[in-house]
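J.: In case you want the letters, here they are:
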Amino acid sequence: MTDKRVILVDGVCGYWGRRVAERLLMQDDVHVIGLDAEPPEEEIKDLDFIQADIRNPLLVELFREEQVDTICHLAFKESVRVSETTFDLNVMGTMKVFGAAAEAGVRKVIYMSSTAVYGAEPGNSAFLREEHPLNGKNGYGYVRDLVETEGFCSGFRGQAPDVILTVLRFAHIIGPKCDTPMTRFLREETAPLLMGFDPMMQVIHEDDVVAAIVHAVNRDAPGTFNIAADGPLPLMKIVGLAGKVPIPVLHPLAYFAVSLIGPSIAPLDLNYLRYPVVGDVRRMREELAFTPQYTAEEALREFAAQSRLRQYLPEESALAFDEQRLRDTIERRKRARELARQQAGPLAAPRRRARRTKEVVSPLDDLMFEPDMSADVPVMETPGDDAGENGHG
Amino acid sequence: MAEPKKASRRKTRAKSTAARRNGKSKVEAALNNLEAQPAGTATPIGEAATPRRRRSRKLPAGLETVAIDMAGDGSIDRSTADGASTPEAPPPADVPLEALHQQFITEVNELIARLRQIQPAYNPPPFAPEGLTGVLGQAANIVPPEVQATLFDKARKFISEDMFDADTWRGLWYMVSSSVSMQTSVIQRRLTGEYETDEWGFDREYMEAVRPFFEFLYKTYWRVSLSGVENVPEEGRALLVANHSGQLPFDGSMLGMGILLEHPAQRLVRTLYATWFPTLPFISDLFVKLGQALATEDNGARLLEQDQLVAVFPEGYKGVGKLYKDRYKLARFGRGGFVKMALRSRAPIIPVSIVGAEETYISLAKSDFMAKLTGMPYFPISPTFPWLGLLGFVPLPTKWYIDIGEPIPTDQFPARSEQNLMLVQQMTEQVRNIVQNMILQRLSQRRSIFFG
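Protein chains in written order, with our numbering: chain B, 1 to 393; chain D, 1 to 452.
The shape of chain B in the complex, shown without the other chains (with noise of 0.2 Å):
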């Protein structure tokens, strides 16, 4: 275990937290530690569980004896509305984790935040950079959580210059399994819209997220990034390759409505059905070296079919006779080995044939890459690779 870098997750019983630590835990260079006021509901394999509150004091002592590398902190409550016990455990609790962190020399924090901190204005750029300010004050209550807590980030960068903070800016999210604002919004039969609004918007895979939180464990990049798959899209694409019924309301009538009976009623923030945010992936690309691997209609496209399915079958077998999901399945691989061959140069070949006996992976699960952890990661073989290889040696 001293050998072994340790790696700190918490929130480890929401989703985020438990896709990231099952991600973790097959890397075998790591050791994780989940943390969370209540244990997990469902058992997970090898995860050394630590049961505690995140805004215990006591937690500069854990880090310290742990000796933990690095903290993946996605303990986040989402709420609609602004609601004091979910500002006590989003903002303070993140103060105090991160507090906690300088304190006890933990060398790296990965925080994970959302594109709708820069708030849905008239002016917003097509484009928005990192640097943009954030005005996403008059959203929803968690909005509200992430532009505060993002406020007290770049604070922390100031006072604590030897931890690396990363921040990860997720677009909105969308997948099989999770359930974001924006999934709750999509899985309606219908969708409500604004009347001649038709903004762009960026969607991001479930699975992606998972990569990108796996991806910044593994890299040491600083910084703040939005996530985000590629193809910004219009709003009303979305909703039909969703395979939503649009439903166009007045803007000023759907605004009265929202202001009398409050933001609950409308799926979205309502401005971000009227003004777009969409960030700008560039630094991901560069700075982050991250790609992800769905490409937004892609991550549409399976999420329609599978909120189709599922009315028939069980959840899981469902997405199986999905034929256009394998197509892009199928696609979506051959990309990643081209970016793996473009980024790991001609001396791949050996290093990935000597792993492969080495390691056994979930196929499903395992379907992002890494460019810079090519070593750690099997890249999944298919006959003609195979053949290639086994002819040159």
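The set of hints was computed from the structure by calculation and includes no laboratory data.
Worth double-checking, as some hints may not be accurate.
Said to hold, decoys possible - Derived list of chain D stretches under chain B, where covered just means 3 residues or more per stretch with a C-beta under 8 Å from a C-beta of chain B:
no.	stretch
1	185–193
2	226–237
3	277–283
To be verified - Using C-beta positions, here's what the derived DEER-type ranges look like:
no.	chain 1	residue 1	chain 2	residue 2	range
4	D	M376	B	A52	55 to 63 Å
5	D	T184	B	R184	25 to 33 Å
6	D	F369	B	D220	56 to 64 Å
7	D	E196	B	R64	52 to 60 Å
8	D	I187	B	G151	55 to 63 Å
9	D	M376	B	G151	13 to 21 Å
10	D	E215	B	Q324	35 to 43 Å
11	D	F369	B	D53	51 to 59 Å
All residues carry an ideal CB built from backbone N, CA and C; glycine is no exception.
Using the hints provided, position chain D relative to the given structure of chain B.
T.: For chain D alone, coordinates are given in the frame of chain B:
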């Protein structure tokens, strides 16, 4: 006797419809029926019917003569009519219609009498001939005979050639059904999200759909004449800088349309628009789908880095909301953001002057109060707006000139010269002067606002 008559009619239905198709009268069709009766009875009637048929055929001919007669050339026509018609019915010159009418009625009555000789049970149908001809005659008197004749002719042609042709209806059906199915498939495709946009939201299909409207404005309404299109590069980045005018930003669309239509590479112009437009429903949607972008320095620089053709109107609201008395006097060219953009991406600046757009709306004054009330950046008061409501938005059909000047290169400056404020100010002023001079030059040649 009624039974065989009906049978014979059924037999000769084809013949009678053929007769109708040739535009012959009902009377003649009836006569044809009589002719086609069994041989035993046909001989006397055939003999009797032949001269009558000839006479009844004269009826339209008589009408024609009258029509030409009314036109003023009576003698020749009457003589030809006389030569052709039977001696017992020469149409008199004074009251030709009345006489013809009387003649027709007597003829038909004679015919009925003859029919009764053969067929005692025969009863003339109630609508013929006196009542019907009376009604027809009264109605016919309202319309001048020459018009009547041409109408009759046209109706005959139309009915006989097209309306009885099954292919006409088949063709119509194909046309309607194919256009409906095409449009529903397009709508269906768009509703299921199967269309392509680029990362800025530019949607080619959408542009092709709205293009005819802008083409109409460009070619027919404002008759834009574009010069200097060769100054726009075939490929690679360039920044078009133009004067802004005309209350509604039609000048941007016309500049874009001009380069799309007349440039050999049919380049798409990415116009940068003001911050007010994203708040407007439909307009914001339209601008994004047509490939335009909000005027921020980030957007401009990114577009130029992608080697696009970008157009800016640095005057902004100050230019577009100009009063009529200030027309063609350039306002301040912003804060020089466009020069910074060009210097940053080393794109050449191409000055453009647009003449004619200033007069599309005549803004006499601006109302700050109404602007505040409606949330508009400016509220023009013109002779038509806001008094005529939506009609006030109709622009005047002036003649437009768009002149594209020679590119000003920016690649001779060292890197990071966009931070050289002096250079930026200087270049801003330089471009402004060039555009102003181009406008004045064009104005000195223009004779009329509407005809150029």
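J.: Against each hint, give a clear statement of whether it holds in the structure.
T.: Hints versus structure:
| no. | hint | result |
| --- | --- | --- |
| 1 | 185–193 | holds (count 4) |
| 2 | 226–237 | violated (count 0) |
| 3 | 277–283 | holds (count 6) |
| 4 | M376(D) - A52(B): 55 to 63 Å | holds, 57 Å |
| 5 | T184(D) - R184(B): 25 to 33 Å | holds, 31 Å |
| 6 | F369(D) - D220(B): 56 to 64 Å | holds, 59 Å |
| 7 | E196(D) - R64(B): 52 to 60 Å | holds, 55 Å |
| 8 | I187(D) - G151(B): 55 to 63 Å | violated, 46 Å |
| 9 | M376(D) - G151(B): 13 to 21 Å | violated, 35 Å |
| 10 | E215(D) - Q324(B): 35 to 43 Å | holds, 38 Å |
| 11 | F369(D) - D53(B): 51 to 59 Å | holds, 58 Å |
Hints 2, 8 and 9 from the earlier list are contradicted by this structure; the remaining hints agree with it.
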